[in-house]
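J.: Protein chains in written order, with the numbering used here: chain A, 296 to 560; chain B, 7 to 89.
Treat the hints with caution; some may be incorrect.
Unchecked claim - So the derived label-pair ranges between C-beta atoms look like this:
id	chain 1	residue 1	chain 2	residue 2	range
1	B	Arg73	A	Gln534	29 to 39 Å
2	B	Glu21	A	Glu456	20 to 30 Å
3	B	Gly69	A	Ser396	28 to 38 Å
4	A	Asp537	B	Leu25	34 to 44 Å
5	B	Ser18	A	Pro377	46 to 56 Å
6	A	Gly338	B	Ala60	54 to 64 Å
7	A	Arg351	B	Val17	16 to 26 Å
Said to hold, decoys possible - Reference excerpt, derived from the structure (chain B facing chain A, CB under 7 Å, subset only):
id	residue
8	Arg14
9	Ser15
10	Pro79
No lab work stands behind these hints, which were simulated from the structure alone. Idealized CB from N, CA, C, for every residue including glycine.
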Amino acid sequence: MTAQVITVTSGKGGVGKTTAVANLATALAADGKKVVCIDGDIGLRNLDVVMGLENRIVYDIVDVIEGRCKLKQAMIRDKHYPEMYLIPAAQTRDKNAVSPSDMVRICNDLRPDADFVIIDSPAGIERGFRNAIAAADRVLVVTNPEVSAVRDADRVVGILEAEEKGSPALILNRLNQALVRNNDMLSAEDVLDLLGIQLIGIVPEDESVIISSNRGAPVVNDPKSRAGQAFRNIAKRIQGQDVPFMDLDLQSGLWGAIQKFAGRK
Amino acid sequence: MKFFTRKRSAVSAKERLQLVLVHDRTDLTPAQLEALKDDLLKAISQYIDIDREAVQIGLEREGRSQRLVADIPLLITSRRRAG
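Based on the provided sequences and hints, a complete structural model is requested.
T.: Written out as structure tokens, the structure reads:
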């Protein structure tokens with residue numbers, strides 16, 4: 296095995312990076328892959344709560360870097376998927392506790408024994424972001440169809456190009472198809488045209504994401520969730536499968552019901 | 007579109023983003039772009055007469071690449087040197 300290292304980043308905070316990491320990792324694990332997630336947000340640890348593993352943390356990534364534990368000791372095994380692990384961020388306030396070369400070293404140590412290493416980048420374009428992209432073979436940029444998120448995503452794409460990290464792929468998160476239809480939200484086509492990068496998935500706005508993160512159980516485990524389906528599809532595309540994009544028009548309750556009633560789909 | 011309705015917000019969002027991304031990507035503020043235009047026109051005017059009113063200079067994007075596009079009409083004047 297030689298793991299592919301995938302970094303999930305966004306520029307702007309709050310667009311759904313951590314949710315995307317937890318869900319993609321879980322979907323990959325459900326497909327039988329061995330996955331290690333790394334929370335790159337030093338000082339603002341969150342991937343642990345989204346994955347429901349907060350009570351199992353003993354050591355974190357800074358403990359590994361500073362030699363207080365072995366890498367394996369900081370890898371928390373998931374509750375449901377024994378082949379999925381989390382390396383939690385430290386809650387230290389020292390922003391320089393991790394360097395890009397530390398991340399490269401840790402990822403290289405993980406590569407032989409995993410299929411995927413997924414790094415949750417912090418928001419922003421500073422040290423933590425630089426750390427998160429240092430080891431990446433592939434970068435996924437998450438954005439929402441909102442002006443601030445798209446603008447920040449464009450900054451990040453520009454930096455990735457300047458760093459010769461290759462062109463990242465886009466996850467458009469929280470698309471509200473009813474608003475798009477009403478021309479009150481940027482469409483996927485608009486965002487792709489603005490950013491000029493390839494698309495790897497569109498995740499519809501879905502309240503089941505909040506409900507599942509409340510429970511610490513990623514939404515991909517919910518077979519009825521539209522967002523869960525979208526993340527499962529992205530995980531398949533990461534594995535090189537050609538999965539058609541979802542028909543988002545089916546998502547909105549009333550309109551979907553009318554369409555079904557009218558026998559349109 | 008009906009003239010009495012406001013432009014749909016997604017249209018405004020896209021138009022505003024198109025502009026702001028061009029400036030972000032080039033690291034050029036609108037004021038700097040204006041200064042660039044002035045300098046460019048000054049330089050060109052030393053050689054030929056141009057129709058300053060009709061000049062169009064702007065940044066355009068194509069995918070992720072940017073270009074500075076200038077459309078500078080020349081004035082049709084009697085040849086100054088002929089006289």
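J.: Decide, hint by hint, whether the structure agrees.
T.: Status of each hint after checking the structure:
Distance hint for arginine 73(B) and glutamine 534(A): a CB-CB separation of about 38 Å, consistent with the stated range 29 to 39 Å. Between glutamate 21(B) and glutamate 456(A) the beta carbons are some 24 Å apart, a value that agrees with the proposed interval 20 to 30 Å. Distance hint check for glycine 69(B) and serine 396(A): the Cβ-Cβ separation is about 33 Å, which falls inside the suggested range of 28 to 38 Å. Remark: the range hint 34 to 44 Å for aspartate 537(A) to leucine 25(B) is upheld by a beta-carbon distance near 36 Å.
Taking 46 to 56 Å as the suggested C-beta distance range, the pair serine 18(B) and proline 377(A) conforms, at roughly 50 Å. The given range of 54 to 64 Å is respected by glycine 338(A) and alanine 60(B), whose C-beta atoms sit roughly 56 Å from each other. Hint check: arginine 351(A) to valine 17(B), Cβ distance near 49 Å, so the stated range 16 to 26 Å is violated. For arginine 14(B), the interface hint holds, since its Cβ comes within 7 Å of a Cβ in chain A; the closest pair sits about 4 Å apart.
Interface hint status for serine 15(B): upheld, as the beta-carbon distance to the closest one in chain A is roughly 5 Å, under 7 Å. The restraint placing proline 79(B) at the interface with chain A is violated, with a minimum CB-CB distance near 30 Å, outside the 7 Å limit.
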